[in-house]
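**Student:** What follows is each chain in one-letter form.
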Amino acid sequence: MLDGRGAVKRRAGARLWLSGLWLAIVALAAVFAPLIAPHDPLMQDLLYGRLPPFWMAGAEPGYLLGTDSLGRDVLSRLIHGARIALIVALVAGIGTCLIGSTLGLIAGYYRGWADRIISRLVDIWMAFPPILFAILLIAVIGTGLTSVIVAIVVIDWTRFCRVVRAETLNQSQMDYVHSARIAGFTRMKTMLSEILPNVLPTIVALLSLEMGIAVIVEAILSFVNLSISTDQPTWGGMIAEGRLSIHQAWWVLVFPLITLFLTVLSFAQFGEGLKDRFDPVLR
Amino acid sequence: MPILRVVLSRFLTTLITLIGVAIIVFVVVRVVPGNPIAMMLPPGASTADIERLSALYGLDKSIFEQFTIWFGNVLQGDFGTSISTRQPVLDLVLGRLPATLELSLMALIIAVILGMGAAIIGTRYRGRRTETGVDLANGIGLSVPDFLWGLLLIILLGVVWPLFPISGRVSPRLDLPFSTQFYLIESIFRLRFDLTGNLLRHMFMPALALALPLAAIIAQLLKQSLKETVNLDYAVLARTKGYSETRVILSEALPNALLPTLTLIGVQFTFLIGGTVIIERLFSYEGLGNMAVDAVINRDLPLIQGIVILFALIFTAINLLVDMTYAFLNPRLRHA
Amino acid sequence: MSGGYLTIRNLSAVLRDTGERVLRSVDIDLQPGTIRGLVGESGAGKSMIGKAVLGVLPKALKVVEGEILIDGQDLLKLKDADRRRLIGASTALIPQDPLTALNPSHRIGPQITNRLVDILGWTRRAAEVRALEVLEEVQIADAARVMRQYPHELSGGMRQRILIASAFAAEPKLIIADEPTTALDVTVQKQILKLISNLQARHGTALLFVTHDLGVVAKICDSLSVLYGGKVVEDTDVASFFNGPHHAYGRALLAATPRHTDPDASLLPVPDDVIAAVRAELGEADRQWVRHD
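Respectively, the protein sequence lines represent chains A, B and C. Numbering follows my numbering, in which position 218 of the first sequence is assigned residue number 218; successive positions increment by one, without gaps. Numbering follows my numbering, in which position 136 of the second sequence is assigned residue number 419; successive positions increment by one, without gaps. Numbering follows my numbering, in which position 138 of the third sequence is assigned residue number 757; successive positions increment by one, without gaps.
A hint or two may mislead.
For lysine-lysine, the following DSBU-like pairs were computed, each having C-alpha atoms within a straight-line distance of at most 30 Å [claimed, not checked]: (1) 809(C) to 792(C); (2) 809(C) to 696(C); (3) 681(C) to 510(B); (4) 510(B) to 838(C); (5) 510(B) to 678(C); (6) 678(C) to 792(C); (7) 809(C) to 510(B).
The set of hints was computed from the structure by calculation and includes no laboratory data.
If we strip away everything but chain A, and leave its shape as in the complex, we get (with noise of 0.2 Å):
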């Protein structure tokens, strides 16, 4: 038992410093962007168009990566990609985490009319197709990094509010919070100061889950060409480009591709790393 306890505790330690370093990386990229890429993204060749990466024959040296049809660095414009990602990552998670989880509190701890409300519109928006309500949103608002941060939020809230509102009915049954409204403390003050920070780690896990989705969606939508003006290098951009020339230059999908994987894959498992970590019960 205690042998078992300590393998879990070692391998969340090392999928939270994994997951970090990776999304350290993405962060720096991002920051630095024009510093470190070694093209202008946006720089068209077509002399150099489908360079393949540099360990395969007919490589170029300084396009590490390859290039695309449009003879553009991959390398370069997944760089700049970070840009974006990063940006809707921050602002559309931290959008969807407060309004989820502000509904969430007061549907979980003032129930009554407030919790029925909440949990019918939860309802009605569990009913559309997420990705379809999004692409409409962007059809009918147009595209742009607001619209795709505001389609991001609208479509997402309800995943904070569900599980905040669950995680506060069950603390609001604990005897601490008892305690509290006996003391004296308002309720209000109950809920900031006794519930909330008893739902903190779920919140703080789902922020990190939520940023990792808030890119895949952005991806999602420049693949359908919905999401940033053409000119501005995304991963989902280069997505949809690469997938339609894919048997000629394979690089073109797979590198975004790899690069979107491995940062989802780093905000989920960073969150529940995250998690595990300051669970007071785990600790």
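With the hints as your guide, set chains B and C onto chain A.
**Tutor:** Below, chains B and C without anything else, positioned relative to chain A:
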């Protein structure tokens, strides 16, 4: 009679949900800034064109009136006419629905088989390396969404090792004798197993991409609940009767551990169907989701509305069905 | 001390993680057709002996030495599948808690017949006939209907009768009863006890009766083993035990029990000095055991 009351109240909330969905779709496509007619028309259309279309769609009336007319028509099964194809929306939508249903059900079957298999194997070899492997695979399956699995499969099984076709529902050169849109089911009934094989090969990758995240969720929850159940008294008693560990898991623990998993599968199945929108797009699979994306790109508002309402109808029906099945399968509730 | 149907020799088990001994060189001998009480306070390891025989020790425990002989065959030397088959055919368990020992998803009938069909190879028809027989033997009215019911539709006493019927259904040579009356009401306890001893006498089964209640032992057992800290500190027949135990702990235990007059009263605490003496004895035994290892 408690079951009847539960059924009734669930029906009522379902109805409220559907009306809510109708209102939101309506509001999103009409009230949000931008003239919907201008969106329907190509840029540079004349004001006369706009006015003519506005009258045609009743857009000169008040929002509330518009909604009542539209919702009244929807209740009668009239979803209007598609702008891009000029065909009735209902016909278009119902024509594509079977493809999406076949794909989703196939994905569900794959997910249940993979998820249950992983949970059973993980429980059978608990505390050993096999369980760690199952946990690791679950962790990745849970973190990575269907869209990425789809792309990975395209690269691995479509390009690097081209075992499966990467686009379409069926090879375009084949002669199809079908009279319904349920190609897969009909091909089996017509004993045209060559066509069944072709359809399955096209379906395999998109279905697997949709299935993997759900399989991971099923595996995780079921394994947790199996591991609790295999230590309960009745499982121990079964072991003393001479049953093998595998048999104890399958016939003693599984029926009891399955029930909590079942409710989860219901909600998750609606997520899976939601995923068909992008997966069908990715694999150029001619289903409802693919049509929805086209409708948005073509600004075909009546078609979009129809598709969203249909999805909502399917989602709420699934949730309702799961609740009923749960009540029926739980012997404690059934005999209460 | 041999020739019994169940013979346990020098059985020791330890906690896998800490190596702490849970069973200390246990010797137990159970003659065919007799009842042996296995007595001790909670944590004395009495249930663990039954579990070790049945092969369902918790994963945290490990048998490190000894033999468990059923009809002369050492269970610990058999292959897993062979051991399961032998146990399934020869031995049955009457569990402690009737509320949790029946599978809530299955009807009563199959829970009695499944061993007969799956392990012993009877036809389903024959097994059902047999199930009806044993259900009537445990005085369940309308047995045919009960077989179609689910556990949650029946009372605790009914369920314990069903579990007893199920244990006797395959005519096992050995039954291990693991505190079968502890979870029941006092009035039901007496009936169940009587039922078990009647059935045991009629079928001539060897019965290992695990209990913390000396009153129960006095009523139905032929012999008894007193356990403390996983060690058998007294092994004798019932008459001589109640006439005067040899071991200090046995004496204290007996003194702490309000004798025959009120067997339902709970055990009074054993005096501290006796406990200290027994502990010292165990410590000495462990030191020798380690050296011997």
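**Student:** If a hint holds in the structure, say so; if it does not, say that too.
**Tutor:** These are the hints, each one checked on the structure:
Distance check on the hinted pair: residue 809(C) and residue 792(C) sit about 24 Å apart at the alpha-carbon level, within 30 Å; holds. Of the supplied pair hints, the one linking residue 809(C) and residue 696(C) is violated, its CA atoms being roughly 39 Å apart against a limit of 30 Å. Simply put, residue 681(C) and residue 510(B) have alpha-carbon atoms about 20 Å apart, close enough for the 30 Å limit, and the pair holds. A hinted pair counts as satisfied when its Cα atoms are at most 30 Å apart, and residue 510(B) with residue 838(C) does not qualify at roughly 40 Å.
For a cut-off of 30 Å, the pair hint linking residue 510(B) to residue 678(C) stands: about 13 Å separates their Cα positions. A hinted pair counts as satisfied when its Cα atoms are at most 30 Å apart, and residue 678(C) with residue 792(C) qualifies at roughly 27 Å. Among the hinted pairs, residue 809(C) with residue 510(B) is inconsistent with the structure: their alpha-carbon atoms are about 36 Å apart, more than 30 Å.
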